Amino acid sequence: MKDFNYHSAKDSKEASKLASSSSAFLAGGMTTIPSMKLGLATYKDLIDIKNIKKLSGIKVSGKSVTIGAATKHVEVSNSKDVKKAIPSLSSLAEGIGDPQVRNRGTIGGSIANNDPSADYPSACIALNAIIHTNERKIEAAKFFKGMFETALKKGELIEAIEFQIPEKSSYQKHPNPASRYAIVGVYVAKHKGDINVAVTGAKSCVYNDKEMSKALSGNFSSSSIDGMDLDSSEMNSDMHASADFRASLVVTQAKKAVDAC
Amino acid sequence: MASLVGSRVERKEDKRFLTGKGRYTADINLANQTYAIFVRSPHARASIKKINIDKALKSSGVVSILTGKEIADDKIGGLIAGWAIRSEDGTEMKCPGNPPLAKDNVNFVGDPVAVVIAESLAEAKEAAEKVEVDYKVLKAVTSTADAMNGDTIHEGIDKNLCFDWLLGDRQKVKEAFDKADKVISIDIINNRLIPNAMEPRACVADYNAASEEITLYTTSQNPHLSRLIMSAFGNVAPEHKLRVVAPDVGGGFGSKINVYNEDIVCSWAAKKINRAIKWVAERSESFLTDIHGRDHVTHAELAVTKDGKFLGFKNETIANLGAYARVFGTVTPTYLFGPCATGVYEIPAAYTNVKAVYTNTAPVDAYRGAGRPEATYTIERLVEKASMELGIDKTELRIKNFPTAFPFKQTLVHTVDSGDYVAGMEKAKQMADYKGFEARRKESEAKGKLRGIGVTSYFEACGIAPSAAVMSLGCGVGLWESAEVRFNPTGQVTVYTGSHSHGQSHQTTFAQIAADELGVPIENIDIVHGDTDKGTFGMGTYGSRSLAVGGIAIVNACKKIVEKGKRVTAKMLEANPEDVEFKDGEFVVSKSNKKKTIGEVAFACYLPGVRDEMKSPLPEGDEPGLKETSFYDPSNFSFPAGTHIAEVEIDPETGHVKLEKYTACDDFGRIINPMVVEGQVHGGLAQGIGQALYENAEYDETGQLMTGSYMDYTMPRADNFPEFNIGYTCTHATTNPLGVKGCGEAGAIAAPPTVMNAVIDALGGQEVTMPATAEKVWKACKNLKKSNAKAA
Ligand SMILES: Cc1cc2nc3c(=O)[nH]c(=O)nc-3n(C[C@H](O)[C@H](O)[C@H](O)COP(=O)(O)OP(=O)(O)OC[C@H]3O[C@@H](n4cnc5c(N)ncnc54)[C@H](O)[C@@H]3O)c2cc1C
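Going down the list, the protein sequences come from chains A and B.
Each residue of the first sequence is one higher than the one before, starting from 0 at the first, in numbering that gives the first Met the number 0.
Each residue of the second sequence is one higher than the one before, starting from 0 at the first, in numbering that gives the first Met the number 0.
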């Protein structure tokens with residue numbers, strides 16, 4: 000690992016002021032530190048945001064659950080409030096990585112990184128999340144731009160993620176056996192007005208599968224999507240799963256999610 | 000005194016391991032030490048045109064940069080193959096040179112070309128990035144099956160063929176096949192594995208200019224053997240000027256048998272710069288450069304009668320050696336493989352033909368089970384297929400071909416001294432509720448799942464090995480083991496063993512044995528290993544040999560102590576040595592019932608003479624002191640055996656294989672410590688199931704390792720396994736005084752075919768290769784659905 004300067008910011012303002020083209024925010028460090036150790040990323044400055052009090056914690060209102068960006072996965076999975084309001088969100092957090100990762104990794108780091116096989120982005124899409132930054136509010140549908148790419152501007156800091164509480168929801172992940180990231184993860188959420196079928200792992204970026212949501216709007220039952228033949232041309236293919244297998248898994252995991260709702 | 004052998008004595012080593020007080024190589028820091036980083040080839044095959052170290056030398060903190068040229072100038076030798084194998088046509092095997100730092104050619108990604116030594120690790124890394132190596136990249140050969148058709152990797156080694164070896168009689172096999180009602184045949188791949196010891200390799204080398212001695216701390220399973228090789232072949236230092244210490248070692252599984260490039264380079268360089276050098280592998284280096292295991296492509300056939308009697312067996316295998324032949328590289332796919340390939344069966348005619356090939360991949364060598372997992376996979380997959388094709392129950396078919404009498408002269412090499420394979424099978428069936436399977440299958444079916452059951456009966460040849468036998472087969476050393484038992488004057492005992500524990504619990508089990516033999520409390524016995532300055536010599540730990548060979552050396556040394564004790568007691572108590580009996584730590588004169596404890600005898604041995612109350616005259620011809628040594632050379636291999644049964648449930652929609660039940664019923668002979676044996680069985684099963692369902696080392700066609708981290712190489716985790724159902728039958732080995740056989744490798748040997756037989760059973764007999772990943776199984780499920788639809 001190359002030498003770098005460590006800063007600990009006391010508030011969002013200071014954090015974003017310190018940011019530059021050769022800096023990164025340090026939340027859980029679960030992505031940043033290994034990348035630096037492997038020489039895949041080098042930064043001049045690391046700006047630690049864990050000491051910014053405002054960024055941690057969980058608030059539940061009648062309609063939404065708001066989670067501070069620096070809240071750890073373990074806190075989300077253990078939160079009684081989240082379990083009660085959106086049980087699928089707490090079980091998603093419980094299925095991320097391993098205990099060490101969950102004890103350090105944060106929700107803000109996860110969505111800022113936007114790994115194509117990360118779990119949280121699917122929750123943001125399915126639960127119509129609003130991403131609160133130090134500058135603005137961004138709808139989830141406009142936040143995830145592409146592989147490891149988001150709408151965040153340089154120095155923009157995610158402060159919290161506000162999830163809409165659905166009527167019913169479930170997240171079903173088919174994990175990569177080695178890394179346990181999602182080969183395919185499908186988050187189905189039934190809201191009053193709409194149904195979202197958010198898919199992670201299958202393509203270069205999380206997406207809302209309109210075809211399946213439409214089928215499910217008619218009849219919210221796994222039989223509505225059973226046997227659906229999805230187009231696999233844009234799906235990822237690697238040594239763990241071909242595009243065709245992923246396409247099939249998307250349907251299977253969606254069916255499981257609907258059944259579990 | 001109650002016997003300790005056979006009881007669950009808690010592990011003596013756990014206090015230090017569980018409190019973080021283990022002392023591993025990376026924990027060792029010497030005064031004024033430097034740090035080494037190896038510059039490694041990023042290419043699978045290339046010639047080195049030029050190495051420019053000018054910029055790197057100017058980098059801060061650099062002490063020295065050495066390349067293959069300096070190694071060659073100093074006449075430092077290369078890495079070697081420990082066994083010379085002859086081809087069927089009588090020619091000697093062909094091995095390329097393998098210099099510790101490549102000089103002209105690199106042959107796999109990770110092959111080291113230079114070492115950078117600096118004041119700090121960070122400085123060494125930074126400088127290493129500035130070493131400029133100009134490569135001419137050549138076309139790599141990576142496929143096992145096609146290696147013989149690829150470009151010639153090593154000059155003069157035609158078809159990349161190290162040897163083309165035959166064991167058995169082709170003519171007899173042909174005659175047997177001519178008589179057969181049916182021939183069952185399979186094509187199988189034994190997937191390549193990366194051992195992944197928890198502790199990565201490391202070494203710290205030191206030079207003492209005054210005594211002209213090199214000390215090497217290293218992660219080794221066999222420090223004496225490493226010293227011998229480094230001295231005799233590496234030309235690093237004469238044996239008496241080279242001390243090799245292998246302190247606590249965090250797992251080896253065969254990957255730490257070899258002397259590695261880094262051991263030789265650091266030892267040599269420490270003398271050159273007259274400073275200590277430390278090197279610790281990063282996990283990515285372990286993936287690339289530790290020896291890998293398995294990697295066979297096999298076609299096998301079994302000739303049978305229609306009522307299921309086995310008549311003949313053929314085995315045509317291509318074994319991948321990787322880029323170079325290493326210590327056990329050439330014996331693993333030959334004598335550790337071929338003889339066991341006929342399994343636990345009476346098969347009148349058999350042969351195994353192995354073509355060992357070089358490829359531009361990491362060297363392949365002995366990995367837990369070494370050859371015997373590959374052998375067992377071959378025969379047990381074939382037998383299971385025979386049971387399907389003949390319509391004979393898989394357990395009945397096996398029983399039908401088991402030997403009925405022991406010693407059992409196995410088809411190709413071994414004479415198995417003891418065993419009871421039928422008893423093992425019956426017990427395993429009971430433990431696994433084999434009869435209830437059909438009902439469980441129906442339950443799974445009702446849930447839309449596919450359930451399968453798989454069986455394996457195995458034997459293996461371990462406790463390696465009788466020196467005369469192995470040397471006649473090409474081994475470069477004898478495989479005896481030594482032990483030394485020393486009494487202190489005040490009665491405690493230190494046992495020096497040439498075996499090495501890197502997870503095997505020798506400190507406990509060997510102490511149990513010595514405690515029973517000597518009647519000394521176990522707290523007063525220390526086991527010492529892992530240092531060439533302590534103990535006479537040792538061949539180390541692998542091939543489940545520690546107990547069956549090393550343990551017997553301890554027993555024999557203890558017996559010599561007792562013999563001397565009898566003579567000394569007789570002299571002290573004015574009796575005949577023949578009238579002295581030894582039991583529970585006491586020497587008793589049978590006629591007078593007078594006695595001396597072993598502690599008193601030890602004391603007397605160190606204070607011989609008569610004065611006042613103290614009467615400890617030594618018998619004539621005996622010297623003072625109480626210390627005995629034994630070099631034990633076994634008369635035969637030992638032959639653990641057993642039957643394992645697995646049950647899987649498959650989700651046809653996702654291809655996910657869930658291992659529902661795993662039953663292991665093994666015959667390890669006498670068991671010294673059941674808790675330790677369970678640990679060994681669990682570990683072996685985890686690795687064997689890992690091979691069947693999860694692990695796979697994959698290279699792309701340019702020779703880049705695709706599975707070079709835990710993001711892609713699936714190490715199994717605890718939640719991948721059910722609670723293991725473990726049981727034993729016991730027939731004592733007749734060839735050693737403890738009756739022990741060995742248990743370290745059994746799980747890794749039996750589990751792959753057991754699990755795969757279950758998977759393939761669930762899939763209606765469709766072949767899938769290991770590891771049975773979700774996608775492969777999903778595809779097979781789709782095919783099954785199609786063919787079922789057709790049939791209906
Ligand atoms: C072994 C392992 C297994 C894993 N398994 C999974 C898994 O199964 N599923 C899964 O989804 N993830 C998994 N992860 C990733 C894990 O969830 C990480 O926590 C996450 O990717 C990054 O979060 P972090 O807090 O560690 O971020 P960091 O590593 O600290 O930062 C990552 C990036 O996000 C930026 N960033 C961080 N916080 C903010 C913020 N508030 N505003 C703007 N930018 C910010 C940083 O600048 C940096 O570029 C795994 C990681 C590891 C190491």
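It is worth saying that the hints were derived from the structure and are not from the lab.
In this text the structure is predicted, and so the values were computed from the model without any measurement.
Do not rely on the hints blindly, as some may be mistaken.
When the alpha-carbon atoms are kept at most 27 angstroms apart in a straight line, the in silico BS3-like pairs for lysine-lysine are as follows [as the list claims (entries may be wrong)]:
{"hint": "1", "chain 1": "B", "residue 1": "Lys49", "chain 2": "B", "residue 2": "Lys68"}
{"hint": "2", "chain 1": "B", "residue 1": "Lys778", "chain 2": "A", "residue 2": "Lys202"}
{"hint": "3", "chain 1": "B", "residue 1": "Lys129", "chain 2": "A", "residue 2": "Lys36"}
{"hint": "4", "chain 1": "A", "residue 1": "Lys202", "chain 2": "B", "residue 2": "Lys775"}
{"hint": "5", "chain 1": "B", "residue 1": "Lys135", "chain 2": "B", "residue 2": "Lys102"}
Hints and how they fare:
no. : hint                : in the structure
1   : B:Lys49 x B:Lys68   : holds (11 angstroms)
2   : B:Lys778 x A:Lys202 : holds (21 angstroms)
3   : B:Lys129 x A:Lys36  : holds (18 angstroms)
4   : A:Lys202 x B:Lys775 : holds (21 angstroms)
5   : B:Lys135 x B:Lys102 : holds (13 angstroms)
The structure agrees with every numbered hint stated previously.
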